[in-house]
Amino acid sequence: MAGEFSMKPVSSHRFDEAAASHLLRRAAFGATPAQISAVAAMGLDKAIDYIVDYGGIDAAGLPEAEVDPDIISPPNEEERIAMRAARRQDDQAALDRIRQVRLIREGEDRQQMGDITQWWLARMISTPRPLEENLTLMWHGHFASRHRNVRDSYLMFKQNQFFREHANGSFADLAHGIIHDPAMLIFLNNDSNNRRKPNENLARELMELFTLGEGNYTEQDIREGARALTGYAVSDNDFEFRRAMHDPGSKTILGDSGTHDGDKFVDILLAREACPRFIAYKLYRHFVADVDGEPDPRTQGCINQIATALRRFDFQIAPTLKFIFRSEHFHSEAVVGAKIKSPAELLVGTIRTLNTPVRSLSILSEAMDIMGQTLFDPPSVAGWDGGRGWVNTSTLFARQNLCAYLIAGKLPFNDGWTQDEVAYDPMVLIADMAVPTPTKVVDRLLSLLIPAGVTSQRRQEIVQFVEKNSESIRPGTLVALLLVVTAMPEYQLC
Amino acid sequence: MKPAFTRREFLQTSVALSTISTMPSFLHMSASAIAAPGESLGNAPGRPDDRILVVVQLSGGNDGLNTVVPFGEKIYYDARPRIAIRESDLLVLDKQAGIGLNSALAPIKDMYDNGMATVIQGVGYPNANRSHFASMDVWHTGDTRGGRGVGWIGGALDTWQTTRKRTVDATACVCIGREAPLAAGGRNVKPVAFENANLFRWVGSDLHSSLGPTYDKLNREGAPGNPGNPGGAGDSQAAFVLRTALDAQVATDRIRAAVAKGSVTSFPGGALADQLRMVGSMIRAGLPTRVYYVALGGFDTHANQTFAHGRQLGEFATAVKAFYAELEAIGERSRVLTMAFSEFGRRVTQNASNGTDHGAAGPMFLFGDMINPGIVGSHPSLADLDNGDLAYGTDFRCVYASVLDQWMKIDSTKVLGKGYKPAAVISGKV
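Protein sequence lines, in the order shown, are assigned to chains A and B.
Each residue of the first sequence is one higher than the last, beginning at 272 in the working numbering.
Each residue of the second sequence is one higher than the last, beginning at 129 in the working numbering.
Think of the hints as simulated: they come from the structure by calculation, not from any bench.
Residues from chain B shown here face chain A by an in silico Cβ test under 10 angstroms; the list is partial: (1) VAL278; (2) ARG306; (3) PHE322; (4) LEU339; (5) LEU346; (6) GLU349; (7) ALA351; (8) GLN365; (9) ARG371; (10) VAL378; (11) ALA379; (12) THR380; (13) HIS486.
Positions of the beta carbon are idealized from the N, C-alpha and C atoms, including for glycine.
Starting from the given sequences, assemble the full structure and let the hints guide the process.
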């Protein structure tokens, strides 16, 4: 079909409830039928503006995170002196005491990281600016660092706030900011990158994973880039430039020679053609479609157009997203309902779409771990693979059981009838139906939850299930129906 | 009659000496179950005959010094006035070297006497990390820089999958526990993990009897093509999830049916015995699983160690013995190698609470027909310590290398990132 790979704006009369639902699912973790109707009524352009330009939406009501910046820190001068003395005197008892204290602090730090994780999940669930959290999560996976290695929950939180602040802003600001971010500098060992013994880790990942992608630079460029980043260090929870550690000499990075510092290095990278193309690819993979390996030529064509837009918009994410969300390609049949939900999209999306109770954030956090997306702990600096990596024999049951927990309160870990007591009344989903017949109700829920549709045979299965089990549509019937639909393999797609 | 055997020395950089020990007596083993090393019992058509590895994780940092006890060292008794174990309370392994086992390990001593157990002394890695999480990550990934990279078992199965050019079964790696351990996650091959087989399924069907049948109809169809594009390519994301759903149902059917059958021999109580019994039942059912992962906690003995440590060691030993008795009874004993490890050993000197604090090097145990029975490696010196702790003599990756190269027949260099000299723990006959 001609329009399928066209990035031209879709005609506004095509922006019906289904299209609004698709937009909300991809951009905003999903929405209730009432919210979908409201957004559809706005029309294509206003709807997109509303979702993307979320700055004007008041988020003051969301709870603040309670974070102790001093929960853990590297040993201070006094502690370092004590450690050196104990080592010199081979005072094992003293060293043991110091180690004990350290272990306790690390335990408290892990506890705080768990609390911040639950805070973030709660925020994703209840924010009136869902795209803000969606983008924050995307940047967390793109500029990936791990609490497991950084071992400072305050710094991870600080990084999270940095992503949130610039989420729909400028990618250039994000790239410049990340080389000053304490968590990232520690994670990639740049705090020990100095002129006498450069450490290439940050320079390499900056090019390979954060701005250009593999194959768009040489090892020499990495070495020179590392020199530019010398002295970019951390002190007392903040970025600190250590002039004595910085190599002030001339460097040649990607053909550009000068006494470059880290920021000039980032400027050089942003100017490369590969940069907007790489970021466009990442945006595409997050919002449009799972791409495994090399994109096929037509997909690459779409990505190239997104890259052109990103460059034209001076790396501003908001107008680039609008360009994507308006396009025929984004609304095409090949794209709608063809992307595998991340654990966050599944968890947050189910709650937001069906308006289920939140229940226990601690259980939800554990569910995220089991499904393979531990916030603040992506598997590596390359973030999460996504796509088919999310769904396998083990995670499939975990994902289905998570929905059963949200909808019916059935605890996934207990082998009995233990249930979370908070009841869920799903009748609001069909409140506006004058005559809710099994067929109408099934179709309503399928269109809400299974965007690419199901075969007529499978639809019939579900209608029969409803007809066989109740004479009228009561809350129990709807709960049962929701359990069945969220347990369908197709529900893993959005 | 105590068997005489030669203690072999093995250091990381030296070449392994292939001295042949005097094998301990096999009198206690039932003749029908003894297979020549390397001969697979799974020769019936359709039965998987791949070799199996069972990993037993002793979580918390097992106190190696009170497990494999250097009763010949005076320093041991000086450093642990309240918790050192007297020679008369030990099961002596090597009188000359002064090494004995904690008496709670009597079942393992039995296995040792029958040539089914190896003790590796002084296992660790450079720049030991004394944090549970960090050190466990190191053991799980084989990466001492802080557990970066994929799990060693997942990586091994990835390598196996690439080499055989065929996708491995969804149940290639089965882990008993709520979450799969880091070790089991590969880049492509992912493990199955469950605490209890009854939870390895959709629990929604518990809520009403009508839900199960409809769920089954919807999840067992498998995939021809994208519902929106019938007859189209079967490799869409929709086709993938439909296929995975069917795979998952097949896996849960097999696993739950296997576990429901229980065991033919009786197992003691305890969490580890429960897990190994499940593993035994899955092996008996002929699952194509190559690696099973189980765990026993309670080894972080900071205070009042003697009783608690003895109890955990006893649970470990009785569970492993029962497991091998079960394997023998179902005719699968020769297929299974079991490896037990802990994330670190503990300090030489006891603390003020009659316990011990986190240390470094410690022992590992290997069990099975295919192991080189006896003691591998010398006991770390109690005088020449490394940062106050026992120095390691064998890098744990050398043990992994042996298990991977010689037992699993998977190239350890590809998995571990470089070649490690395999520890002499697998019999040369396999």
